[in-house]
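**Student:** The sequence shown begins at 1 in this note's numbering and counts up one residue at a time.
Treat the hints loosely; a few may be bogus.
Beta-carbon label-pair distances, calculated as ranges [unchecked claim]:
(1) L32 <-> L206: 22 to 32 Å
(2) R259 <-> I225: 33 to 43 Å
(3) P218 <-> V187: 32 to 42 Å
Don't read these hints as lab results, they were simulated from the structure.
All values reported here derive from a predicted model rather than from experimental measurement.
Just so it is clear, CB atoms sit at the ideal spot from N, CA and C, and this is done for glycine as well.
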Amino acid sequence: MVRLGVMSAPSSQSLGIVLFAGGFGAQIVSALTNDQAGGTIVWLPGGLLLAALMSLPQNRWLSCVAGMLLGVAAASLFSRGSIIASGLTALLTLVLVPFGAYLMQVVRRDASPLRTFRDMSWFLAVFALALPAISSAAGVLVDPAADSSERPVWLHTGVAHALGYLAFAPIWFRPRARWSSLQRMFVPDAWPAIGALLAIALIGVLWSEFGMHSHLRPLLLLAPIPVIVFSALRARVAGAYLVVVAIAILAIQLSREGRGPFIEPDVSLTALALKSWVFGTRRGMDVVGPLRATPPDAPRARPFEPRSPRTCRAPA
Numbered sequence: 001m002v003r004l005g006v007m008s009a010p011s012s013q014s015l016g017i018v019l020f021a022g023g024f025g026a027q028i029v030s031a032l033t034n035d036q037a038g039g040t041i042v043w044l045p046g047g048l049l050l051a052a053l054m055s056l057p058q059n060r061w062l063s064c065v066a067g068m069l070l071g072v073a074a075a076s077l078f079s080r081g082s083i084i085a086s087g088l089t090a091l092l093t094l095v096l097v098p099f100g101a102y103l104m105q106v107v108r109r110d111a112s113p114l115r116t117f118r119d120m121s122w123f124l125a126v127f128a129l130a131l132p133a134i135s136s137a138a139g140v141l142v143d144p145a146a147d148s149s150e151r152p153v154w155l156h157t158g159v160a161h162a163l164g165y166l167a168f169a170p171i172w173f174r175p176r177a178r179w180s181s182l183q184r185m186f187v188p189d190a191w192p193a194i195g196a197l198l199a200i201a202l203i204g205v206l207w208s209e210f211g212m213h214s215h216l217r218p219l220l221l222l223a224p225i226p227v228i229v230f231s232a233l234r235a236r237v238a239g240a241y242l243v244v245v246a247i248a249i250l251a252i253q254l255s256r257e258g259r260g261p262f263i264e265p266d267v268s269l270t271a272l273a274l275k276s277w278v279f280g281t282r283r284g285m286d287v288v289g290p291l292r293a294t295p296p297d298a299p300r301a302r303p304f305e306p307r308s309p310r311t312c313r314a315p316a
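Build out the structure end to end from the sequences listed, making use of the hints.
**Tutor:** Take a look at the structure:
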């Protein structure tokens with residue numbers, strides 16, 4: 001596993017400064033995706049902190065957590081947000097991330113969390129269910145008046161936090177190996193990458209033109225599956241990850257313009273439909289990872305060849 005401490009051996013103070021800047025930027029970017037009615041689309045600081053903790057030895061974790069906490073708090077004040085309402089929920093979640101990271105290190109040892117179904121199940125249980133559920137409960141307890149049946153804040157918060165962890169999962173383990181597998185989209189030729197980009201553009205056109213037709217929505221929501229599977233078979237998890245991110249950005253932009261298959265009468269429901277689709281698609285991509293664990297250039301087993309019957313010689 002590639003560890004930052006082995007590559008450059010930064011000091012704890014330097015790591016704290018880097019995580020402060022990262023937390024500040026991640027919180028600002030998350031705030032920019034906030035539509036006020038449905039909350040933020042994805043909450044990035046938790047996933048960024050998880051990526052840093054899983055890439056560093058445990059004796060550097062304290063400075064990372066401290067830098068991230070200060071960065072998120074500063075960004076909440078800078079964006080004129082309520083540090084008591086949304087900020088307190090974020091800070092509580094960041095404090096719990098090291099416990100989840102430690103549990104993942106114990107469970108997976110030195111293997112990828114997406115290599116086997118067992119490790120993937122542990123990862124999803126901790127970072128897609130447990131921690132987002134705690135964040136949702138904290139948000140409701142801090143600001144119970146904001147939650148209602150028309151705008152379920154707890155559900156918006158939980159899905160946004162889960163998407164943040166899932167966004168960084170494929171890249172915090174063996175980043176060099178991820179880049180090596182991603183190069184298969186361009187080597188020996190770039191036609192696979194060009195084909196994937198054309199497919200994404202076609203999906204955008206179909207979503208924009210026919211997304212408002214309710215009888216076509218099921219087909220439109222399933223349209224990205226072929227290109228995601230193709231990218232996973234060609235470039236493994238890294239390729240499918242980039243395709244999902246590109247389609248998610250496309251879906252967010254179309255929804256902001258009032259187009260696409262995620263538009264609902266209420267803005268809050270539109271944001272929830274979009275986040276739920278991205279969450280489900282991202283989890284489906286994790287299932288493809290273990291199925292594609294064997295690299296394409298690995299030696300294949302020889303086909304079964306029946307033995308020819310032994311010929312019995314006649315006695316002389």
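**Student:** For each hint, tell me whether it holds in the structure or not.
**Tutor:** Here is how each hint holds up against the structure:
For the pair L32 and L206, the beta carbons lie near 27 Å from each other, so the given range of 22 to 32 Å is met. Checking the proposed 33 to 43 Å range against R259 and I225 shows it is violated: the Cβ atoms sit about 21 Å from each other. Against the hinted window of 32 to 42 Å, the Cβ-Cβ separation of P218 and V187 comes to about 36 Å, which satisfies the hint.
Checked against the numbered hints given earlier, this structure breaks only hint 2.
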